[in-house]
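Chains as they are written, first to last, in this note's numbering: chain A, -9 to 252; chain B, 3 to 319; chain C, 227 to 505.
No lab work stands behind these hints: they were computed from the structure. Even for Gly, the Cβ is constructed at its ideal location relative to N, Cα and C. Possibly wrong hints are sitting among the right ones.
To be verified - Between beta-carbon pairs, the in silico distance windows are:
| # | chain 1 | residue 1 | chain 2 | residue 2 | range |
| --- | --- | --- | --- | --- | --- |
| 1 | A | Asn27 | B | Val16 | 46 to 54 Å |
| 2 | B | Arg87 | A | Pro6 | 45 to 53 Å |
| 3 | B | Arg87 | C | Asp495 | 34 to 42 Å |
| 4 | B | Pro289 | A | Gln229 | 32 to 40 Å |
| 5 | A | Ala16 | B | Gln263 | 25 to 33 Å |
| 6 | B | Arg64 | A | Glu228 | 34 to 42 Å |
| 7 | B | Lys68 | A | Val190 | 50 to 58 Å |
| 8 | C | Ala483 | A | Pro15 | 45 to 53 Å |
| 9 | A | Ala12 | B | Leu276 | 49 to 57 Å |
| 10 | C | Gly392 | B | Ser147 | 44 to 52 Å |
What the hints assert, rightly or not - No more than 25 Å apart at the CA atoms, straight line, and that leaves these computed lysine-lysine pairs for DSS-like:
| # | chain 1 | residue 1 | chain 2 | residue 2 |
| --- | --- | --- | --- | --- |
| 11 | C | Lys274 | A | Lys139 |
| 12 | A | Lys114 | A | Lys(-1) |
| 13 | B | Lys261 | A | Lys191 |
| 14 | A | Lys162 | A | Lys(-1) |
| 15 | B | Lys290 | A | Lys204 |
| 16 | B | Lys290 | B | Lys237 |
| 17 | A | Lys191 | A | Lys204 |
| 18 | B | Lys261 | A | Lys204 |
| 19 | A | Lys139 | A | Lys204 |
| 20 | A | Lys139 | A | Lys114 |
| 21 | B | Lys237 | A | Lys162 |
| 22 | A | Lys162 | A | Lys191 |
To be verified - Derived list of chain A stretches under chain C, where covered just means 3 residues or more per stretch with a C-beta under 8 Å from a C-beta of chain C:
| # | stretch |
| --- | --- |
| 23 | 73 to 84 |
| 24 | 87 to 95 |
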Amino acid sequence: MSEPLLNVKDLVVRYPRRGLFAAPPAPAVNAVSFSVNPGQTLGIVGESGSGKSSLLRAILRLVPVESGTVQLAGNDWLNVSGAELQAQRGDIGVVAQNPYLSLSPRLTIAEIIAEPMQAQATVKRSQLRDRAAEILGQCGLPADFLTRKARELSGGQAQRVAFARALATNPKLLILDEPTSALDVSVQAQILNLLADLRVKFGLTMVFVTHNLKVVRHVSDTLLVMRQGAVIEAGLTEQIVTNPTQDYTRELMGYRTESQMI
Amino acid sequence: MPLIEISGLSITLVTPRGNVHAVRSLDLEIRRGTIHGLIGESGCGKTITGMALLGLLPQGFRLAAKSFRFDGLELCDLAVSLRGRRIAMISQDPAAALNPVLSVGRQMDDVLRSHGGLPRHQRRAQALELLAATGLPDPLRVMQSFPHQLSGGMQQRVVIAQALATGAEFLIADEPTTALDVTVGAQVLALLQRLVTERGLTVLMITHDMDVVASCCDTASVLYAGHTVETGPVKDLLARPHHPYTQALLAALPDAAPKGQRLTTIEGQIPPPLEEITGCAFAPRCPKAMTVCRTESPLHHTTSSRSWSCHLEQTNV
Amino acid sequence: MKAFALRLGWAGTLSLGIIIAYVALAALAPLLAPYPAQGIGAPNIVDKFASPSAQYWLGTDHLGRDVLSRVIYGARVSLTTGILVVAISLLIGLPVGLVAGYFGGWIDEILMRTTDIFLALPALLLAVLLASALGAGMWNCILAVAVSWWPWYARLARAEVLVLRGQPYVEAARVMGVSNATIIARHILPTASKPLGVQAALDVGPALLTASALSFLGLGILPPTADWGQMVNAGRAFFPERWWYSTGPGFAIFLLAIAFSVLGDALRDRDGGPRHAAH
């Protein structure tokens, strides 16, 4: 078996206490461990307050970690800092929930897609635009979108731009944070198909975070179910979905009654 | 007689750039004591239809209809709206519907006082009873609480209790579960179903979520670009959709295809609201479109329980 | 332009017009003043304390100089002082607020507690103390007011940055490994500078008012340079017999201050404007 690309062990995230005499709050992420092998997709499901967002933010080095380790391609990712951290950030691409918020309203699509390439200095200045057009094309939009701004696009088109930006630096790992939750059903289907195409084309390793178990079932190989900061169920997606060990997981399946569930 | 009878409804905003067609041709019929789902993607006109029923159309919008009746009353002719008396509404964001600086008890009392004029101690008893009826575990404590002290699910229950306090018999629920977690949303839907059976409430469930419709609605209509394209009992509608748009919408759901297989998508965009439509609104995106679809308005088919608008006789049996 | 005026309302538009008129007056002072030489300070003892007339519309002062000419020249000094005070304050306050808000933690603590020390003292009192320590003169006066002024911009800038720093597109840039300097220059500064710019433009009025107050106390601009505050003070000795001496410059200050205040309200009503007024 190959070495996992992302290996998280006993990760604890705790936000600072509110006041001097307040009791320390319960950890937002409580001793979470999991790993993702190259080319695999891990789904993380949970509701609000489950700790899935805190877990993501910790992996993205946006919030400090209390204890535990995160290894990215075998390297100790949490102890990378300064310029080295900035350079290695190119190894992780991120797509967020709402493209209108995660794409700068002031920049053109060309500038948005070029930004990570400029930060990582992976592409020569003269080739930025060609590369941006190429990656945008792979995400299903023609090059004439490059001169537009995010607010001129539909939700699905804007999310394609977010994918293009995330893939611009050829990341090893793609993190998707509710990438279809703000979209209509028919647009969601387009984005899920795009994701499948990109996965084949680039051999992507992905972490897909969502509250929607049905979406995650369609995309992920393995699955974590989180509740109140802890992992309550983990394993192969199909196994968990068809035969959950926790009642809570069954409730997450959605509004249909059990008889309707396959 | 159905409680709601709407046919040929159009809602238009007249602007210097032309007419914005929010709703083009909507038919809706809801029987008493049922939950009717109004399904559609963003821009289909479902929310503005709810606002029209409440008499809350924003300024500048023009409403026209062959009939727009509530309990046999022509709503267009009524000088006063039925909002707050016979029609109530719950929305996606319960926090916005509650006053943040007044306690729940005070807000319940305000509603009850303006609907019936019971003495104070009886109003209090009734408020407690209504809060309990929505399944809130400790009504006494909830009465003393302020909205921010309650969770989203509890806030939504308080809003439902307020709607009951007005004595409304018809409830418009606009995406009532969208802002809630799945587990909490399921409880709110179960509550609405219980109120329909126990109190004879009638509910219009406005949603984009097929799961919501499948789990709690009796009948449903599918909207596309301001048109009702298909109506019928939910189980039948979801199992055997007749209109190509409904078929495409169901095929686009992530559980419609196993992992690794592509989902069916609907190519193209909805027609811009400024555009005048000739023929069928869905024709440019329809995989089954024929020449006639682009020039002639679709035919209206009806069976005993179902109706749909399409040039094809029956597309999927 | 017409649409812009409409959105400001009639009061806002009128105020904007008044401010533009002052600027024009200041810029074209040598052409518009009836007695440019007296505006600069040349005495004209012969016509000492002439009351308003066709020859001297606003009368003359104790050295026989035309008050109207000196009020017009005073606009130059006042507007320059106001603009420079705001510019210097922005130059100090903006970087302080940006850095404090963006980096947070102990950097934020040190910078903002320092800012609080300045804010703890009443602004005018601080300016008076500084001006008397530095001595009178235009540059000292500007410096004294600016020192009591910049903390407001530091606060405003920090508040803007705190909002922007949490925006998903700014976080996205961080996660992509974009450097802090680039993020500030590219994502934060352009957006934050809009409300700050509006606030700064509106603050020119109050700033020149404060500078005039210093001049009134004899701590600002020295004669023979014409300054409204200093003229009001000089005329005070001859009030009420020679009422016109103080009235002309006093009315000039009054009208300009009102115009800035009304325009500020109109801008806030129009689009939310700056989140809080500095004073």
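- Pairwise hint evaluation, Lys191 (chain A) against Lys261 (chain B), where the allowed Cα distance is 25 Å at most: Holds, at roughly 17 Å.
- Assessment of proposed distance window 34 to 42 Å (beta carbons of Arg64 (chain B), Glu228 (chain A)): Given about 53 Å between the Cβ atoms, the range is violated.
- Message: Taking 32 to 40 Å as the stated bounds, is the beta-carbon spacing between Pro289 (chain B) and Gln229 (chain A) within them?
- Response: holds (35 Å)
- Is it true that the CA of Lys139 (chain A) sits at most 25 Å from the CA of Lys114 (chain A)? holds (23 Å)
- Message: Need the status of pair Lys114 (chain A), Lys(-1) (chain A): alpha-carbon distance at most 25 Å?
- Response: Roughly 38 Å separates the two Cα atoms, so the pair is violated.
- Message: Taking 45 to 53 Å as the stated bounds, is the beta-carbon spacing between Ala483 (chain C) and Pro15 (chain A) within them?
- Response: For Pro15 (chain A) against Ala483 (chain C), whose Cβ atoms are near 50 Å apart, the range 45 to 53 Å holds.
- Message: The hint says 25 to 33 Å between Ala16 (chain A) and Gln263 (chain B); measuring C-beta to C-beta, is that right?
- Response: violated (41 Å)
- With a cut-off of 25 Å on the C-alpha distance, tell me whether Lys290 (chain B) and Lys204 (chain A) pass. Violated, because 28 Å separates the two Cα atoms, which is more than 25 Å.
- Task: Starting from the hint 49 to 57 Å, judge whether the C-beta atoms of Ala12 (chain A) and Leu276 (chain B) obey it.
- Result: holds (56 Å)
- Query: Taking 25 Å as the top limit, are the C-alpha atoms of Lys261 (chain B) and Lys204 (chain A) close enough?
  - Reply: holds (10 Å)
- Message: Quick check: does the Cβ-Cβ distance between Gly392 (chain C) and Ser147 (chain B) fall within 44 to 52 Å?
- Response: violated (29 Å)
- Message: When I compare C-beta atoms, does the stretch 87 to 95 of chain A have three or more residues closer than 8 Å to chain C?
- Response: holds (count 6)
Going through the hint list in order, the structure does not satisfy hints 1, 5, 6, 10, 11, 12, 15, 19 and 21.
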